[in-house]
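Fit chain F to the given chain H structure using the hints.
Chains as they are written, first to last, in my numbering: chain H, 1 to 79; chain F, 1 to 161.
Simulated from the structure, these hints should not be mistaken for lab results. Computed from a prediction, not measured in an experiment: that's the story for all the values here. Any given hint could be a false lead.
[What the hints assert, rightly or not] Each pair of labels, with its calculated beta carbon distance range:
| no. | chain 1 | residue 1 | chain 2 | residue 2 | range |
| --- | --- | --- | --- | --- | --- |
| 1 | F | 27 | H | 57 | 25 to 31 Å |
| 2 | H | 57 | F | 104 | 18 to 24 Å |
| 3 | F | 30 | H | 48 | 36 to 42 Å |
| 4 | H | 75 | F | 30 | 17 to 23 Å |
| 5 | H | 22 | F | 83 | 43 to 49 Å |
| 6 | H | 50 | F | 13 | 26 to 32 Å |
| 7 | F | 47 | H | 49 | 41 to 47 Å |
| 8 | H | 65 | F | 104 | 20 to 26 Å |
| 9 | F | 115 | H | 50 | 20 to 26 Å |
| 10 | F | 115 | H | 22 | 40 to 46 Å |
| 11 | H | 2 | F | 83 | 24 to 30 Å |
| 12 | F | 83 | H | 4 | 21 to 27 Å |
| 13 | F | 155 | H | 9 | 27 to 33 Å |
Heads up, the beta-carbon is just placed ideally off N, CA and C, and yes, glycines get one too.
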Amino acid sequence: MIALYIVAAIAAFAAIRAIVEKNTGRKLPYANVLSFAVSGALVLLLDHPLSLVAAAAYFVGSTLESNAIASTYSGGVKR
Amino acid sequence: MLDEILHILAAAIISWILFVTVDIFFRLPETGGVSGASAIARDIEATGGALSGGTMMGNIVCSPDASAGTLLAACGVYVAGIPGGLAAALMVFIGNRICYDPGYAGTTGAILATFVVYAFTLIGFSATDFIAGMVIAILTIQGLSHAHASRLLARLWRVRQ
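Just chain H, same shape as in the assembly (with noise of 0.2 Å):
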């Protein structure tokens, strides 16, 4: 139980801190804590076997977001 309460303790601190942060480059890191901390999060609410896919699944996405954000900060793929 107090492993949930610290998870979505750190989910929260870890949202402000991408929204208050304003540099895109700097955010990511902090979108980044929030998306471990929702993905533990669930499995600790969720206590079942496909909870786990859903999970990876949620995180992969995010990282695949961040990852495309990122990208696209920097200038994107040059051609």
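Only chain F this time, still in chain H's reference frame:
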């Protein structure tokens, strides 16, 4: 209650050592896997951080690395024991390929973490301790001070070199 808090703190330290070791072994601080990782590294360096540490942090953001592997392996062990952890490793492997990452840091980290977490569940720890522990561990790298975290990672990277 105090026991659980101590277990979570111990799990955080173990997860931290595990994922930083695997990531540095797989040379994450060396180059940005995608252009976005290098852009994050430059922004972290601009606030007084170190470029190689920032590159590792950028790589962690852009693709599931050993830290993600450790988190998902702990989740897997929690819901289904060792098979769950190995299923998590497979999903991290797929995630790496989706994120255009040619490396194996995430998959290796997930497989190692599966056995580490399982071993600790045999001596009184719970897999949930490792889920919360890994979230604390990633917070110390990505969520507190980018400048300090990147300098620490750069120092560890110099030791590896």
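Could you check the structure against the hints above and give me the numbers of any it violates, in ascending order?
-> none
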